[in-house]
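K.L.:
The listed protein sequences derive, respectively, from chains Y and P. According to our numbering, the stretch in the first sequence is residues 1050 to 1519, in order. According to our numbering, the stretch in the second sequence is residues 1050 to 1519, in order.
One thing to keep in mind: the hints can contain errors.
No copy labels: a pair is met if it fits in one copy or bridges any two.
Stated by the list, open to error - EDC-like, lysine to aspartate or glutamate: derived pairs with alpha carbons at most 20 Å apart:
1. K1113 with D1477
2. K1113 with E1154
3. K1150 with E1298
4. K1150 with D1096
5. K1150 with E1095
Calculated from the structure, these hints are not laboratory results. Nothing here was measured: the structure is a model prediction, and the numbers come from that model.
Number of protein chains: 2
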Amino acid sequence: MKVVCLSLLCLALPVAADVFTDAELATARELRERALDGSGGFDITEDLTTRIGPRLAGSPADAKAVAWAEAMLKASGFDRVWLEPAMFPTWSREFERVAVKSPVEQAFEALALGYSPATPEGGIEAEVVMLDDMEALETVADDQVDGKIVFIRNRMERARDGSGYGPAVQARARGAIVAAEKGALAVLIRSIGTSTNRFAHTGGMRFDTGVRRLPAAAISNPDADQLERLMELGEPVVVAMEIDAQINETYTSHNVIGEITGAVNPEKIVALGAHLDSWDVGTGALDDGAGVGIIVEAARRIMALDQRPDRSIQVILFAAEETGLWGGRAWAQARRDEIGNYQLAAESDFGAGRIYALSAKVSDPAWPVIEAIHAELEPLGIEMAGRRDASGGPDFIPARPLGLAAVDLHQDGTTYFDYHHTENDTLDKIDPDDMAQNAAAYAVLAWLAAQSPVDFGSGPELLEASQGSE
Amino acid sequence: MKVVCLSLLCLALPVAADVFTDAELATARELRERALDGSGGFDITEDLTTRIGPRLAGSPADAKAVAWAEAMLKASGFDRVWLEPAMFPTWSREFERVAVKSPVEQAFEALALGYSPATPEGGIEAEVVMLDDMEALETVADDQVDGKIVFIRNRMERARDGSGYGPAVQARARGAIVAAEKGALAVLIRSIGTSTNRFAHTGGMRFDTGVRRLPAAAISNPDADQLERLMELGEPVVVAMEIDAQINETYTSHNVIGEITGAVNPEKIVALGAHLDSWDVGTGALDDGAGVGIIVEAARRIMALDQRPDRSIQVILFAAEETGLWGGRAWAQARRDEIGNYQLAAESDFGAGRIYALSAKVSDPAWPVIEAIHAELEPLGIEMAGRRDASGGPDFIPARPLGLAAVDLHQDGTTYFDYHHTENDTLDKIDPDDMAQNAAAYAVLAWLAAQSPVDFGSGPELLEASQGSE
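In isolation and in its complexed conformation, chain Y is listed as follows:
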């Protein structure tokens, strides 16, 4: 029995059995329990991080990761597996050295930011100007920073939902642009991360066309503390920075896609995403080896059923997320004219913590379906987030202007930014049980979304609708 309720009363009191058949719900529960018992997702992440390890977009390991992913998806039993090109400018790190020269001599633990240019031969040595945050940088007089190294000391706050990242990361994304305009020689930032362990956190930085590109590096939180203490001694603090890094020609990597072809409406697609690339310093276990394992395991559970779902389910392993959402941009560009077929998108790219909430951006008629799906996720400890909005995850952001319907399964990110973008993002940081809970949630979501009695509303109408929503 498939009955769709559209009345307000029905919206307020959704019942899963009003939306899905008993058989569909029984299958969802079976998927949930089997995925919870398994460790298949962790095994995939272990294999990726062991056999490939760090896999910076455009590096030799990128091509190896693509080949690994294609073979792994084929061996997993997808009905179709293919590659789609994604082009981007590569960046590679040779080394970075950041050290205080005066009033004492000490080396800092540092990582150049992604796309930082190299310093001139022999490096830069200059006095440090310490600023609290981007606002301080934007308002400081040019002659205070001209010819100096700007140190932005803002500190990321820890939060379950990772909400401390957005405000703090501005220093990484835009610090070098503003500092360049004011005549600075280079930028140092306190790592955008929550750990007090002595790891620097790398990550992408932006450049505006026509603005001089400044070398930029992050120092670890303990080193940032030390630099603050040295500044407090009251004498000028001189730092030497040397970065060797290259921005190279355009490289073509690939999004790797596996499809479970739908039995009834194969052209309508539920899209699960994760990204295959990682930064170059850790093995990218949490970011985003975990996501790869979670969504592929969810799909494997569905493929193990006796029947194919009504709609297709695609697993998309995106290229070059870290260096600028290049895989996501290529994916969106290729789907400009058929976004209506992409029923619902959800990416796993926030580590391996347990999912605690769901939010969604779908058309109003599809909302009861989301609530019915949520009813099957609730036994996993997943609540309905109090907002009707979702991005789907970083790699689906480029498709957002097309009106892509999306679900966010919010993971507990309390410790995610302790490891994210550091050497310390390694397999041992993952709890296999937490990954299994994630795989169970994605399996239930994908299965029920593929069986939904209504479409989720991707298209320009959704974009307009959501612009007016809460």
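With chain Y's structure known, arrange chain P on it following the hints.
P.N.:
Structure of chain P alone, referenced to chain Y:
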């Protein structure tokens, strides 16, 4: 009233008031409360780790640390401050690179062990033989390791008293000796540390005269896990190791000593120790900047009293502990003929965790004094350890064969080996309140030991007595 009880009954039921005067006990309590309220110890550690930072024995920072310590002790108000020479062969690290070459290419986070020789120009590249522990290395057939890189994977267990260190550290101390005898090219060990963060733990290694010196490095725990996984793939694992390090000529550093000169028996000395040097990779906050802060703060509290103690109290900041107890050896050598004057020795060299127990090695007549001192430490949460033995700490070990009476104030070391000998040993790992508890305990110990109605029995007799004790 000073009454010393020697009967067994009295030993079983010591009462502080039987040993010390009311005024002495009141002073002990005042010292305890004032030290608990203060942050002077932390401030000293902050100053050392900020102004000097890493201070490897024999490095330029070693001389700066000695000058810092001499000035700091003089400014603290000690009655006498002086330097005593300690000679040792220096070692310096230029770099180390350890990377898997086959079946995959990945770099490991590694640190050369102290006194490791450099590898030949261009490094070593060889197949890895993985062994469980030193016993496995000792029993493996020579032809299994000949021409190969030996990887010893034993794992240190976490414990409050640090008891996991002794068994595990054999791989670091002696692995290269045994591997050299069997024809190996180099040694890799799993770091002797308890953290799953991606820091390698350095530390000293030994060499036997006449045995070929092998290059040796530790890899972090996550990298050791990764190497184990790569071995389990079943193909030969080839690793490249390149170490540049130098063993240089003899260097003379100094033990830096401050004395509170006793008012009654100045020639009798209570000796508090810590070591001034650190490994080269962190700022040596826990190992042993904390110890420096703790014992100097304890002495400052005593110097702030209206009166000098009966006996002298010396604070000894030892040189070159990490690279072979060189300061401790020089100190013991210089006191061979006057060990009887050294009443009681206690070193703080186990981080900044709270003290939870006391043990002591003293003559039987002095035991009631130890129990009376313990009664004043009990309010700090310090219990009497169930054994009548103590080393006094690493730098007093060379004086142990002379029969040095000693107290061990056992610190909670549950997390100590997460940071010890790593880049991550930085100031933020210290809780100032825990340091204050330590300073309070050392202040009470030093004060009451200096007022003790009996000597503690240092000398050959103590050595013999203790050999027969439990």
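K.L.:
State whether the alpha carbon distance between K1150 and E1095 is at most 20 Å within one copy, between copies, both, or neither.
P.N.:
This pair counts as between: shortest inter-copy Cα distance 19 Å, intra-copy 42 Å.
K.L.:
Using 20 Å as the alpha carbon limit, work out where K1150 and D1096 are close: within a copy, between copies, both or neither.
P.N.:
between (43 Å within a copy, 17 Å between copies)
K.L.:
Is it within a copy, between copies, both, or neither that the alpha carbon of K1113 lies no farther than 20 Å from that of D1477?
P.N.:
neither (22 Å within a copy, 40 Å between copies)
K.L.:
At most 20 Å between C-alpha atoms: does K1113 with E1154 qualify within a copy, between copies, both, or neither?
P.N.:
Close across copies (11 Å), not inside one copy (41 Å); limit 20 Å.
K.L.:
How do K1150 and E1298 come out at 20 Å by Cα distance, when the copy is not named: within, between, both, or neither?
P.N.:
Answer is neither: 35 Å inside a copy and 27 Å across each miss the 20 Å cutoff.
Of the hints listed earlier, those the structure fails to meet are numbers 1 and 3, in rising order.
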